Structures are given as C-alpha cells and as structure tokens.
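2 protein chains.
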Amino acid sequence: MEVSNRFIVIKDHIEEAPKESHFNLKTESLSLSVVSGSDDVIVRNLYISIDPYQINRMKSNSSSQKAINFAVPITPNQAIDGVAVGKVVACGSGKFEKDDVVVGLFTWAEYSLVKEASIINKLDNFEFPLTYRLGVLGFTGLSAYAGFFELCKPKKGEKVFVSAASGSVGCLAAQYAKLFGCYVVGSAGSQKKVEVLKDKLGLDDAFNYKEETDLKSALKRYFPEGIDIYFDNVGGDMLEAAVDNMNSFGRVAVCGVISEYTDAGKRAAPDMLNVVYKRLNIRGFLAADFLNIFADFVSHTSDLLRSGKLLNLEDLSYGVDNIPSSFIGLFNGDNIGKKIVKLAEDE
Amino acid sequence: MEVSNRFIVIKDHIEEAPKESHFNLKTESLSLSVVSGSDDVIVRNLYISIDPYQINRMKSNSSSQKAINFAVPITPNQAIDGVAVGKVVACGSGKFEKDDVVVGLFTWAEYSLVKEASIINKLDNFEFPLTYRLGVLGFTGLSAYAGFFELCKPKKGEKVFVSAASGSVGCLAAQYAKLFGCYVVGSAGSQKKVEVLKDKLGLDDAFNYKEETDLKSALKRYFPEGIDIYFDNVGGDMLEAAVDNMNSFGRVAVCGVISEYTDAGKRAAPDMLNVVYKRLNIRGFLAADFLNIFADFVSHTSDLLRSGKLLNLEDLSYGVDNIPSSFIGLFNGDNIGKKIVKLAEDE
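Taken in order, these protein sequences are the chains called A and B.
Counting along the first sequence from 1, when you hit position 132 you're at 132 in the UniProt record's numbering, and nothing is skipped either side.
Counting along the second sequence from 1, when you hit position 163 you're at 163 in the UniProt record's numbering, and nothing is skipped either side.
Hints should not be assumed to be uniformly reliable.
Chain copies aren't distinguished; within one or between two, either way the pair holds.
Stated by the list, open to error - Below, simulated BS3-like cross-link-like pairs (lysine-lysine); rule was C-alpha separation at most 30 Å, straight line:
#1 Lys220 - Lys266
#2 Lys59 - Lys220
#3 Lys11 - Lys192
#4 Lys342 - Lys192
#5 Lys200 - Lys153
#6 Lys309 - Lys198
#7 Lys266 - Lys59
#8 Lys266 - Lys216
By construction, these hints were calculated from the structure, which means they are not laboratory data.
Note that the coordinates shown come from a computational prediction; the quantities given were computed from them, not determined experimentally.
So here's chain A without its partners, still in its complex pose (with noise of 0.2 Å):
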C-alpha cells in the first residue's frame, strides 16, 4: 500500500526569525510496507514536540552546532527530524508491532522512514495523555527538572527568577521551584501570560516583561533581597538585569537563549565585575546529558500531576500544514506552555 506523505522541509539555510516563506509543504509516495528482516520502520505520527532550539539547526554555520553530535544541521529540501510520539505501520525486524505506539526521532510529516537504531522507545503503560511524553513528562520537563535540581542545587527559601516563564520549559522550572518551597517570580511577554503565572500556577509573582523599559530596576522591585537562582531561557538584556541583581554564590542555569537565536547582535554582556565579587556560577546545559535521572525525575514528577500539583500546559495545533506556523510562533512568543502539533488520532 502507498500513500501520500505530506512533509516540512526548510528552502534554505534560515539566518534570521523564522517566516513562512522559509518553509514548503512538500508531498511523497510512501510505501507503508517494509522489507522482512530490514532495519526499517515506518511510523504514523501523531504528535510533534516543536522547540525553539531547532531553529539553531537551520543556521548555515554555527560553532555551537559543530561542538555537539546531537544537533546536526538540518539539511534543506529534507525531511526535518524531531521528537514525535507515533504508531508503528510496519517493522522489518520485528521489534515492534503494528500499532505499538512509540516516542522517537521522527520527521514533521505525517508518516516517517526510520531506522530502528534510532531512538525509539515503546510507550508501554503509559497512564498520562501521550502529548505528555513530549513535554512534562519528556525531555522538556527533564529540562526543567534537571536545570533547577542539579545545576541549581536550591534550598527552601531561595529566591528564583524564571524568565520566559509561561514557555514550556519555564512554566515547569518555576513550578518545581514552587512546589520545593522557594519564593518565585517570572516573566512574560503578556498580560495574560502574567495572569497565568499568578492565577493558575501559583507563582508569588510575574510580570510583563515589555511593559519594563528598566530590566535592572524591574527586578530589584520584585527581588528586594536579591536573586539567588535565575533560570534563564532568554539570554540578552534579562540575563545582564539578573547578574545585575543576584546575591553572592548565586547560580545561573542557562537553559536557552531564545533572544539570541533569531538575532545575534543581541548578546549579554553580563557585569564579570559581579560574576567575581558575587561568585557567581553560569552553567550552560543539556537535558540529553542527564538521561541518568530520567527515571527519578518521570517518578516525581508523575506523582505532582496524579496529585495536581504539577499543573501542565500545551498549547496544541493540528495538521502538519500547521507545523510552520507553531515553529515561527514560538519566537513570537505566541504559545502558552509546551507547543505540540497533532497529526492524527490517538485511536
């Protein structure tokens, strides 16, 4: 049996804030059989993890790109790889079944070709919407949960600043911070993302980061006795503003930079003057680099949202013709929450 395959390829290398006219909607004949004994599996997908940081595999050159294995360029006119929870259609060696479903490194189209010595994980017994496993329960939240816990390393009490705070690692890395017993403010790039933040999730504070012509001044309103965890997903001014306003032996987990991805003139220049005198520590990191608590952290973090604690926040858009728009509406701040695109049925 043969369909057509609907799939997103970039036209070029992408420089600047992703548009529209960067992307192409491109159409394939896809045989849904495979060959007996191959290596091959073709998967039905129904849910798409959009992040930002794909945006940086889209760059012609990036030093950063070339550092790491695990964020290869994405080449133009080809299938763009993401997470992705799907259906097994069919499976050369056998290892999976027709209709298992499983999460992996799949293609923003409707059905991918992969290899099972990909990354693919059966989700067996999994009691939360699958959705889940892309963002709370996946390496988003991995994000969250280890960027706060182990590079953060928080006592009960400290003061945390969470910026992009309503996005989909954010809104978990303040929550987290919450529920450990920490005083937490975060920003947003709205009022009703800042109704959110204090209404739904429970933060002791939020504010709208464009209505701030003073970022400095901005937190030390809000941090009177200073910051002693900022968990930055923006890079740029916020990050000079919270070096600005930490106390001593106060930590800095980079998370993302998504100031700088689109616009590269916009760089921090933190005060080294305060990294020396305040001893500060800036770490950059990876979930992939803490797979080792991966089981720790889906366990706690299932426990908060059985319990309700934890809340979770997707923002959902269907249709792989979406998939373009949800990507360029990440950096135009357009999502609540972790974004997904919906493919097809669960069922």
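We have chain A already, so just place chain B on it with the hints.
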C-alpha cells in the same frame, strides 16, 4: 617616641585607569607607644602587596562592592588598607611582642596603627623569604590554587589557557596546571613576558595578545583541539574568544577582569549559545572563600617551592612614595609576577 609616618591616600574616588595625580603622599605624626591593655597594635610595615582589585574599592559606587563586606570602599584622604607583612612595634594587649613578624591587613604606609581584632597573624618559623607570604604562599597563591583545582577540577592532559599568565595569579595557575600534567598555553602583553612563560615557567606555548588582531583565531591556532579550562584574569575580548574555543563541558574560572576594572565599556559578551550547547561553566570566585583548604595549599605549594619545581616570580619596588606608581603599573602591564613594595629591611 613619635615618628613622622608617611602614607598614601587617594584624593578622590577613581573611575578610570589610575594615574599619579589620583594619589597623595601624606605625613602624620605618630606615637609609637600604645595604652597598655588596649586593643591597639603598631606595626612597622616591611612589605606591601600591590593588587589590581584595589581599584574597585577606589570607585565611588559599585553594586559589586556593596555586595560584599570585605571589599569595603576606600575613603579619599584616609589611609588605604592592604595586605602586608610587618614587625610589631608595640601591642597594647601583650598578645604580640615587639619585633614579632606579622601578616595582616595594614596600610599603604610606613607604620600602621591597627586593632588587634583585625586579622593579624604571627609568622612563626616561616622558612621562605617574607615576601612569599604575600604572594605564592598568600592569597595570591590561594587564588591560583583554589581557582585551578577546586573550580576547574582538572584532569591530566586537559588543555588549559591562562590569560595574564605572567601576572601574580596567572603565573602560578599556569604552573600548577603544567605540574599537574595539563597542556598549558598562556597569554601576556609583551615579547619579554612570552619568553618568561616559555623559557622560565616551561609552558607548552605562549603568545603576546597585543600582536594578535583576532583573538578567536589566535586561540584556535594555539588550541587546535579546543580549550578545556580557561583561567580568566582579564575578561573582555579574551573571554569572548576563549568561550568560542572551549570544548564541551569546559570550565571558566573567573579570577579577575582586569580589562574591565578601569573601562566598563569593555565588557565581554560571550556567545551564550556556546555556553548552552557546550555546557560551559563560568564561575567567579574569591580566594577568601577557600580558607578551608589554606593549610593544604601551603603544604603542597611549599613542597613544590622546596623541590624547585614551582618558580616564584616577584617584582619589587622600594619605598612608600613608589606605591602609587607600582599600583598604576599593574594596569599598564609593567610587572612580571607578584608586585610588592618593600618599605624597610627585615632586620
């Protein structure tokens, strides 16, 4: 008995690179006797440590200074405190005897009247020249030792870059790294210093940063396999270039930011995308936080000095009236090794 005591003051706060006109040599009449039973100690200064960080205490206002109690701003027209070695002239409490050799926070002066409650330690059975207690076996050495071993957690064979490697801390950090079994390259500001680094200290390589038009390319040339550890004494452009050349999981120990002490415009804007993707750890520190390892540091370093493996570089000037020029010279790169002003003979 009374003496005429000469001491150095700043005329006003200093916001730029220091120059002679910022300083005054003052004279006061000082009684060399103390009230019996009082907390007063009079010390005749022998050697004074000249350190770049003092410029930050001379500024009128700085959030950095306010953040920490041991970087108390220096008041214009009053005696400037600094670490020194001296000989006790008189002690009210009897805790110290006349002619005891002591190290402590004294003043940029011939004589210092201090309170016993200040940090004064008697130098008993000190087997090395007294100047060593201000440099290689004092806070200077501890900065190099703690910064390299405690913050950078080196592994043998790792690639280490030290900036201002002919400076007081840099020349020790570079030697610790070399003796530990790392590949070490240092930067300095003259051909003469580069020769010292290569020929006297035995670094694997060294370069004159003033002869490089592109620091990023220069570091790429000296570290074709990347930098694992950067011991940063300068900040600014060099920090940016180092971050670009760091390997994954690289560590940056920020010991000093001399390029930014006198010119706030020269701030480093490191590529935070590199910080995230390469999981870099950038950490500021002060030697004072590592008093818990002071004994280990002294023991280990004394062994290295006795065996001749560690070379102690000192740069001496003479007389209280030469303190300002010695201090100013730090910012012009005049010194090789630890800058000390000798005020009187040991005997």
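Checked hints:
Within a single copy, Lys220 and Lys266 get their C-alpha atoms as close as 22 Å, and across copies as close as 24 Å, so both meet the 30 Å cut-off. Proximity of Lys59 and Lys220 under a CA criterion of 30 Å is satisfied inter-copy only: 22 Å between copies versus 36 Å inside one chain copy. Taking the shortest Cα distances, Lys11 and Lys192 never come within 30 Å of each other, neither inside one copy (35 Å) nor across copies (54 Å). Taking the shortest Cα distances, Lys342 and Lys192 sit within 30 Å of each other inside one copy (24 Å), while across copies they are farther apart (66 Å).
For the homomeric pair Lys200 and Lys153, the shortest alpha-carbon distance inside one copy (26 Å) is at most 30 Å, but the shortest distance between copies (42 Å) is not. In this assembly of identical chains, Lys309 and Lys198 lie within 30 Å of each other by CA distance solely inside one copy; the values are 15 Å within and 61 Å between copies. Taking identical chains as interchangeable, the C-alpha atoms of Lys266 and Lys59 lie at most 30 Å apart whether they share a chain (17 Å) or sit on different chains (29 Å). Taking the closest pair of Cα atoms, Lys266 and Lys216 come within 30 Å of each other both inside a single copy (16 Å) and across two copies (19 Å).
The earlier numbered hint that this structure contradicts is number 3, and it is the only one.
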